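Below are the chains, spelled out letter by letter.
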Amino acid sequence: VADGIELASLIAGEKGAWDGFVRRYAGLILSAVRALVREGTEAEDLLQEVFVRLCKDDFRLLKTYDPARAGLSTWLTIVARSTARDAQRRYRPPQSALDDVPERFLAVVDAHSEPLKLPKDLLSPRQQLVLTMLYERDMDVAEVAKTLDVDPQTVRSTHHKAMLKLRAHFGPERE
Amino acid sequence: MTGPIDRAEETALWRHWRTAVVNAAGEAGPAPDPLLLAAYAEHRLGEAAAEEVEAWIARHPEAMADVLAAGDSNVGPTTSQPSEAALARAMALVSDPKAVPFRRPATRTPTWRIAVARVSVAASLLIVSVVGFALGTDAYTSLLSGDQSASVLSQDLFDPPAGIFSSFGEESST
Chain B
1 VADGIELASL IAGEKGAWDG FVRRYAGLIL SAVRALVREG TEAEDLLQEV
51 FVRLCKDDFR LLKTYDPARA GLSTWLTIVA RSTARDAQRR YRPPQSALDD
101 VPERFLAVVD AHSEPLKLPK DLLSPRQQLV LTMLYERDMD VAEVAKTLDV
151 DPQTVRSTHH KAMLKLRAHF GPERE
Chain D
176 MTGPIDRAEE TALWRHWRTA VVNAAGEAGP APDPLLLAAY AEHRLGEAAA
226 EEVEAWIARH PEAMADVLAA GDSNVGPTTS QPSEAALARA MALVSDPKAV
276 PFRRPATRTP TWRIAVARVS VAASLLIVSV VGFALGTDAY TSLLSGDQSA
326 SVLSQDLFDP PAGIFSSFGE ESST
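Protein chains in written order, with the working numbering: chain B, 1 to 175; chain D, 176 to 349.
Pulled out of the complex, with its shape left as it was, chain B reads as follows:
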């Protein structure tokens, strides 16, 4: 049982369990996809696509859910948003911010330039994540700390150490 839903009945394909599941989680899934697509029919089409994905191939995706590892709402939100992103990639031409495109794809290739030599693991994944949240998602320290479930001071310290490493690495190059 997850969030009051009989998973065994659901996976067994019982109509009553499925209807109850749809009634209970359709709003949550719609909220999750609405953040990524336009209002109206597009969101409801995606809602249907999420349910199709869940029950396709004899509930193959739903069978991968494990209530011991994560809450059903959390898992469904991830599945819904992933479905919405897949749909966006399918129906829309790929677009990316200019800053995200590597310069070698934009500019004329300089025959004399050498690829940057990056020391492996210069930044730890946690440091990269903290910097991503701070500089790409414009989150403040408190939000980052809440998201990562750590103390704000830890975030400041992680950020500081990461910046020291970056300055040390790129400093001589930029001078």
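Don't read these hints as lab results, they were simulated from the structure.
Nothing here was measured: the structure is a model prediction, and the numbers come from that model.
Where is the CB? At the ideal position from N, CA and C, for every residue including glycine.
Honestly, I wouldn't trust all of these hints.
Said to hold, decoys possible - Just so you have them, the derived chain B footprint on chain D, three or more residues with Cβ under 8 Å:
#	segment
1	184-191
2	207-221
3	236-247
For this one, chain B is given, so just place chain D on it according to the hints.
Below, chain D without anything else, positioned relative to chain B:
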């Protein structure tokens, strides 16, 4: 944390790093399993597993929004309410195995009814034939036993006049 000038400098440093990383490594690996991301959003992962997810998220900043949304999904009620049509469409994806689909009952006509129908058609044909024959015979008999005009008529029926040839013969004899 830092002043505006520092922040601009730090942002530039970060972008420089990201561009270099993307250049050096190309595309990142496949997305983690949704359950792994969900567990990460709920802070249920161990340090090593969390690090792997974080490394992937650092390369895909848009996934951070998904993780944040997933983390907030348990907080407060959802505001979106799908239409009844959308709900019905989703519910229809799973059918009730106990429900018997509507089907017109098979109509098996008994043999005796087929026999009766055929006999009826045969009888109808027979009656029509007999009545037609009787009517025809009556008309013929009444013509034979009728008045003069009737006998002339009947004579004409069996021995018609010569017509144009007979008139030629009469003219040539005169």
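Here is how each hint holds up against the structure:
no.	hint	verdict
1	184-191	holds (count 6)
2	207-221	holds (count 10)
3	236-247	holds (count 10)
The structure fails none of the hints (numbered hints given earlier).
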